[in-house]
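Chemist: Sequence:
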Amino acid sequence: MTQQKQWTGKTGGGNFGQKFLFLVLKSIKVNLFYSILFCVVPFYCLFRAKDFRSIYRYFREIHHYSKWKSFRKTIRNHMVFGRVVLDKFAVLAGNTGQFSIDIDNVSQFETLLSQPEGFILMAAHIGNFEIIGHCLRQNRKQVHCLIYGGEGAALQNKRDESLRKNNIHLIPIQEDMSHIFEIKKALDNGGIIIILCDRVWGSNKQIPVNFMGKQASLPLGPFIMAAQLEVQAIFVAVMKEKSLHYSGYLTQLNLPKNPLNIREKSKYLANEYGKAMDKILRQYPEQWFNYYDFWHVNN
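The sequence shown begins at 52 in the numbering used here and counts up one residue at a time.
Please note that the accuracy of each hint is not assured.
For lysine-lysine, the following DSSO-like pairs were computed, each having C-alpha atoms within a straight-line distance of at most 30 Å [as the list claims (entries may be wrong)]:
id : residue 1 : residue 2
1  : Lys236    : Lys308
2  : Lys330    : Lys308
3  : Lys236    : Lys101
4  : Lys77     : Lys236
5  : Lys192    : Lys236
No lab work stands behind these hints: they were computed from the structure.
The task is simple: from the sequences and hints, build the whole structure.
Modeler: Here it is in C-alpha cells:
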C-alpha cells in the first residue's frame, strides 16, 4: 500500500473557499480566525477518523504516551495544524508582516549563499514548510521549490504568484519524472532547491532509516541526487510557537569523510536527515503533519 493512497496531502476547502481565505486574510490578522477551529476541528476529527487514528497511534506508539494523553495530543495536533494552514494562506496572501521568525544557525545558510555551488534545503511535513521561502528571503541565488502538483487551481496560482515575488520558482512533481531534469539544471546553475523529503509518494525507490525509534522509509531521489551531484544539503524546519511567532532550524547534513559508493552515501545522508527531523519532533511532537500510518506503511 502506498503513501499516496493513504493520504493525498492535498489542501482542502475547494477553490471558492481558498479564494475567500486569500481575500480575507490579505488584510486581517490571521489569529482572529484561530477560534473558528474550535468548531471546525471536532467535525474534521469525526469525519476524517482514519487521519485521527493515524495521529493517535503516532503519539501512542512512537512517543509512548498514555491513551488519554495521546487523545489530547491528537486533538491538539489538529488544532495546531489548522492554525498553520491559516498562517499559510495569510503568508501566500501577502500578509507576512504580522509574523515574527527567529532562525537558528542562519550562518550556515549565509555561508552557502556566498559560494558559487548550488545546494539543497531538505524540508518535511512538520511545522510550516510553506513559510521557509519567506524567512530565508535573499537575492543572491535563484530558489526552486519542488511541490506536489495536485493542489487546487486557486492555491496553486496564489502560491506561484506569492513565491515568485520572493525569487522562488516552483517545480511541480510530474509523473513522467521530468522535474528531475529541472532540479539538476537549477543546481548546475548554482541555485537552491527546496524539497520535502519525508514522503515516498508511491515510489518503489526508497531508503530504510531508523526514525523516531522505528524503521521507516524515505524517498531515495533527493538523497541520491545530493550524493551523485556532491552538493551540500541542509535540513530546514520552521516550527510554530505561540501566537504568530515561528522558530526556524537549520542543520547541515554532512557526508562521512571515508569513501563510500553512491548508494551508501545516500543512505548515510537519509539517516542524517532522519536524525535531524527526530530531534525537532522530540521538541515539537504536536507538529507532525503526515496524516497516515507513516511507520506502518513503511514497515
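Chemist: Could you tell me which of the numbered hints above are not met by this structure, giving the numbers in increasing order?
Modeler: Violated hints: 3 and 4; rest satisfied.
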